[in-house]
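2 protein chains.
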Amino acid sequence: MSDSWNITQTAFRREDAGKYETIFALANGHLGIRGTVDDGRSVYHSGTFLNGFYDSEPIVYGEHAYGYADRRQRMLNVTDGTALDLWVGNDPFDLSTGTLEDFERRLDLREGVLRARYAWRSPSGVLVRLESARVVPLSRRATAALRWRIELPEEQATITVISGINSRVKADEAGADPRVGAALTRNALTKPKVEMTRDIAVLRHTTRHTRFRLVCAMGHTIETENHWFQTAERQVNDLRHRFVVTAEAGVPVTVEKFLAYEHTRDARRVKLAALAKRAVGNARQVGFDALAAEQREYLHGFWETADVTIEGDRAVQESIRFNLFHVLQAAGRDGHTNVGAKGLTGEGYEGHYFWDTEIYSLPIFSYLVPETARKLLEYRHSTLPRARLRARHLHHRGALYPWRTINGDEASAYFPAGTAQYHINADIFFAARRYALAAGDTAFLTEQLAEIAVETARFWLSLGAHIPGRGFCINGVTGPDEYTAIVNNNVFTNVMARDNLLYAADLVERVERDHPEAWARLQAALAEAVDGDGAIAADEPAAWRRAGEEMVIPYDRDRGLYPQDDSFFQKAVWDFENTPRENYPLLLHYHPLTIYRHQVLKQPDLVMALFLQGAFFRADAVRRGEPAEEIIRRNFAYYDGITTGDSSLAPCVQSIVAAETGDIDLAYRYFVKTVRMDLDDINGNVKDGIHAAAMAGTWLSVVFGFGGFRDFGGHLSFAPSLPDGWTRLRFRLRVAGGTLTVDVHPDHCDYLFARSDDDPTPVVVHHRGTSVELVPGETVSVAGPVPGASR
Amino acid sequence: MSDSWNITQTAFRREDAGKYETIFALANGHLGIRGTVDDGRSVYHSGTFLNGFYDSEPIVYGEHAYGYADRRQRMLNVTDGTALDLWVGNDPFDLSTGTLEDFERRLDLREGVLRARYAWRSPSGVLVRLESARVVPLSRRATAALRWRIELPEEQATITVISGINSRVKADEAGADPRVGAALTRNALTKPKVEMTRDIAVLRHTTRHTRFRLVCAMGHTIETENHWFQTAERQVNDLRHRFVVTAEAGVPVTVEKFLAYEHTRDARRVKLAALAKRAVGNARQVGFDALAAEQREYLHGFWETADVTIEGDRAVQESIRFNLFHVLQAAGRDGHTNVGAKGLTGEGYEGHYFWDTEIYSLPIFSYLVPETARKLLEYRHSTLPRARLRARHLHHRGALYPWRTINGDEASAYFPAGTAQYHINADIFFAARRYALAAGDTAFLTEQLAEIAVETARFWLSLGAHIPGRGFCINGVTGPDEYTAIVNNNVFTNVMARDNLLYAADLVERVERDHPEAWARLQAALAEAVDGDGAIAADEPAAWRRAGEEMVIPYDRDRGLYPQDDSFFQKAVWDFENTPRENYPLLLHYHPLTIYRHQVLKQPDLVMALFLQGAFFRADAVRRGEPAEEIIRRNFAYYDGITTGDSSLAPCVQSIVAAETGDIDLAYRYFVKTVRMDLDDINGNVKDGIHAAAMAGTWLSVVFGFGGFRDFGGHLSFAPSLPDGWTRLRFRLRVAGGTLTVDVHPDHCDYLFARSDDDPTPVVVHHRGTSVELVPGETVSVAGPVPGASR
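Order-wise, the sequence lines are chains U and R.
Numbering that gives the first Met the number 0 applies: residue 0 is where the first sequence begins, and numbers increase by one.
Numbering that gives the first Met the number 0 applies: residue 0 is where the second sequence begins, and numbers increase by one.
Please note: incorrect hints may appear among the correct ones.
A partial selection of chain R residues facing chain U, derived with a Cβ cut-off under 10 Å [what the hints assert, rightly or not]:
1. F102
2. C472
3. F568
Hints listed in this document are in silico derivations from the structure and should not be mistaken for laboratory results.
The beta carbon of each residue, even a glycine, is placed where N, CA and C say it ideally should be.
Just need the whole structure built from these sequences, with the hints factored in.
Put into structure tokens, the structure is as follows:
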């Protein structure tokens, strides 16, 4: 296999430290550790993060008003267990001193272990060979393991390995850039309680305001033929094991370090310390190599379905795998956590969960790792009580999900681009339905999804209003495009709400008719919900249906364009010509009112609607007697021309719809902006963490864009294309109870549907409008040139 | 004369303390002192304020963005010189102890002196008679004087009078109510330097952030036949003179206290202490009675023009005078200060200046005290450099005045109801033109006003845009109604901007043609302005005129209504029926988005436009061939029905336009809500300070409402009416170089125009459409029943 599985750093430069800490960050959805180099000194920002573990403080507003989010939540940078303090004689191992004669770090994406190799000559002239390896097993909860193998090839010396856990907990400083997020004003962890023996060290913390508890435990093994002895050292926030080795030339010493993090967000007296010590003990017992093997096995299972093969474009092949790996690492999978905007690789956006999860990441999990998709959605379902309370506080019915949150409470301090993005409700509903249908998870469909659908439909009905002469209007909202705020009848919001309302009505009637037990449980849950509106009344589904059917979707017949909202075409187009390059992103150089006043987009809005609700727009065009393809092409062209792409969420969507309109070159140009965004540090801010949604968007671009995959109501269709130079594109999807392989070549496409059981029922897919019946296990080849290929 | 000149408090109740401190506050535009009772102990909030004297701090935002106001400004509560610490034997004079056998406080509005009388029996049984008087002379800058006359009618005792100056500087606590404003986090005055002799005490401060300097000086005189001696005491923030008197029964002691406050906002080494000591010395030399006589004389001159006579309605007669007195007290008159939202009686709204000055207070000064009107406008002119800088920072041309400010910099921390209220620019222009025309101040018209007109016109041109198929649109603004935000083509904003643009073009051409010297000065000022756009280019006036002429004023022909903005009628009407009374004001009980989403008004917006730009709306109706009276009546009726009046600025405007439509009963109902708002503490928050704009609005209601006065382009017209019970309404206006008296009786109206010179040129006014020629000195009586009267 090619090298496109390996991410490699071959030169050490201090100024790259932050970037590689992010790129080489390891995480398993619970625990994330930035990929710091092993000297513990050449560090940009060391970070250890636990998904969902945060502190909070009141938000200070210049002017306060009713209903504002009242508390900030911030994912904490917790106890650091990675720092190695290595001494060779009297010289500290510090890459900024001495001479680095050999250096390489490498992350094999099939293995999931970060391996590094250093040949460093100390200022005193002693050559040290260090090999390190680090893993955060995806198969375990919150365990990490590190291994250092140290050898002095030329001469003997005393080696001191000081390895500790340290809770200095420095938070990133926030500046005027709203994208970084504000820092908590004080240290968020209280002074720890400590426990220390030769075998194990334990730090216990409580968060200052949320009163969450955290225990970090550490243990070591050492293996060497050299003479050595060990001591334990203890300071307030810092526990260390010290190994002093009289190292003979050529006689290596290997230290393995095992870390466990246990935490709890509720007041129950869970014995966290016992759990953490047991986890460390277990890991130490099996040893580093066994953990690495576990990791490789886990990843083997993942790649079996998830791998995307792209031939003819090495850079893309490498990065699509890199991106998928990081998306996998970022996702919470315990039903209580989700996907932070920067995963578990940085504190940007305060570790909050946004619509990014549902719109960007969830399709990947829904089609590749459905069990994780379910867990991510269970998180949303579990926060329904808070969403109900929020709706009630805002005088609405049903439930309103937060725009940004960790614990389920709204934490957005700027409502025009926070609370006003009510579309989050429909986004969650939409993603949950997609998961349920793709995975065939009837239990989820008839219970959790049904409850979400009911509460979001109730919300929409109470948010909008039937306006005489117009229909059902949803006024005073902000769509996905944050360069336009507080508008009426944003098309994206309205088509998504429409879908939400109509489907909720259908689903509820179906559950009542076909699933009496689920119906009883649903009605009981709704009836008993605190702050709820009770069980579904007989007339509710009809009211949702009527609102959905009468939903206003503004359309400008003269121009053949959907305005982004009622007033969008009444605004002047932004003066792009006279905007200097350095004034992008606009949000850092223009007042929000200046931006809001113009036709200018931060990210696709109507174009996002074309992607997610394509079936609606096609039907709408047909209803008006207009050519659907042409309408989609014209709307895409118009909006694409006024989109800045100041959001990292933009290019993948632009790429998908460009591909749909047949402009494969343009689709590819957008695709390359996003596919290597983090690997090539295109925005210059990878040091702060990954762009999780943009990474996930890469896969969407490949599968929904070049693959042309659509899945409207269980109707699976493909319209593959190959960008210039690509000779093959292969990807898999878990659908219809099996695995579908789509293998695109310049002159034909192969479809293979496989099932693990013996069910011979064929599956029908559509290839550019032609239906193709797939008998399990039999490859069907559709001949004919693929657009974009072989020019 | 009746008692309607005297505001009297006859009963002492601790819970009324705050209310009466505001009602009895004395101020002279520079210095304001709350009307605390003389025991210095039964105090709600003692306050001493200097107009324009503030400290500032960075504003903290939940999420920051480009162009946000960066520093908070807060008027400071400065050194207190009012507190009397009086002891009779060993008992402190404390109204919450002993027995209060007689009590009265009285403010004679013709005299401007607060006088109090106490007969208090101490806990030890000693009867004390205390008479106090307090004055803040309107004729002086920052001097105050207090007098205490103490007598023991029954028995002798030792009396100790401790009188000091004290800079404990406690700021009001801010809560969640955005109307109160946030407190600075720390004491804003640095530790003082002190100077202390038997004669005089001086405290010198510097503000913490703005580094302004303040000196407060105090001196006393004592007059008594009793034996006495004096000591001086000094603590860090507190300087005291102590007078110990062996008081014989029936032998009074009189202590007079003189205070002077001098401050500077710039770094020049002004000898503030010398100035303050000289002011104290001078005041002490002339004595309290002479200062009181000065005050009476000043007020005599004021009332000669300003008094409004209303017969048949005692409560209104009393309060209209009370309100005028407070408006007079509130207004800065040095060209560097303005009118705070609560005058100099409280720290509410942080002492900021709003449009309140121009729209509510300035008409009073323009028609009654034009020299003060000019000073208030000179303040705005003096802040043009900051307004230019603000416009530049927001990528606009011209100048943008701040929505709220002390020093001329924007200090609004919520841009949807701050910066978005661009109409402030037109409001200032409008008021400045009205002053210049009413006062015939050609110098101001051709220079300061011309410069303001040019810079505001330039701003409008750069804010709006010619939208194909529509005209000149001004998008993304908030009008006066803060329950609707960030909308397109707000009618109020657009008609005001239109007027601004058209008049600027006319004025500039007129100045160039008729006033060559003023033109040269204007062009030089514009050419040299830092952050400016240079001298007026040849094509600029035409561009302003075109934008004004093509200004979009949305109108709904079907309904015969102007929508408040483009989208207003697309919104659902607020559900008033199901809104419980306790949920008003809505802003404290509903999220801004909920409010913005509905047709519901905090205060008149379109109706305010009907008032200020009545000539436009009448012409617009005629142009469309519709009956103007009917259009105004219909629009008023519609908007009045959806106005909550959650702003204290609302009822006076509703009253004026109700009167214009002929509904005198309704006009009166609104009028009484506003006329006694503070005297009767209708909103329950008088303790925090006066509602300066609402008080000024009272006069507007009388003169523009019941008087039916309008002044469009020098065309003076009246349409008088008399509410039920009123038998006479008389008011005066300084117009056309003289004084016009309008004297309304149930069956006739008398008009008298008087001039101090011998110019016999008659003035023409219009009485309900009929022109009336007024020869100076000759009363013209127009017979005929006055609407509303004698039912």
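Hint check results:
Nearest Cβ of chain U to the Cβ of F102/R: about 40 Å, over the 10 Å cut. The hint is violated. With a least beta-carbon distance of about 6 Å to chain U, the hint placing C472/R at the interface is held under the 10 Å criterion. A distance limit of 10 Å between C-beta atoms decides the matter here; for F568/R the minimum to chain U is near 9 Å, and the interface restraint holds.
Violated hint: 1 only; the structure is consistent with all others.
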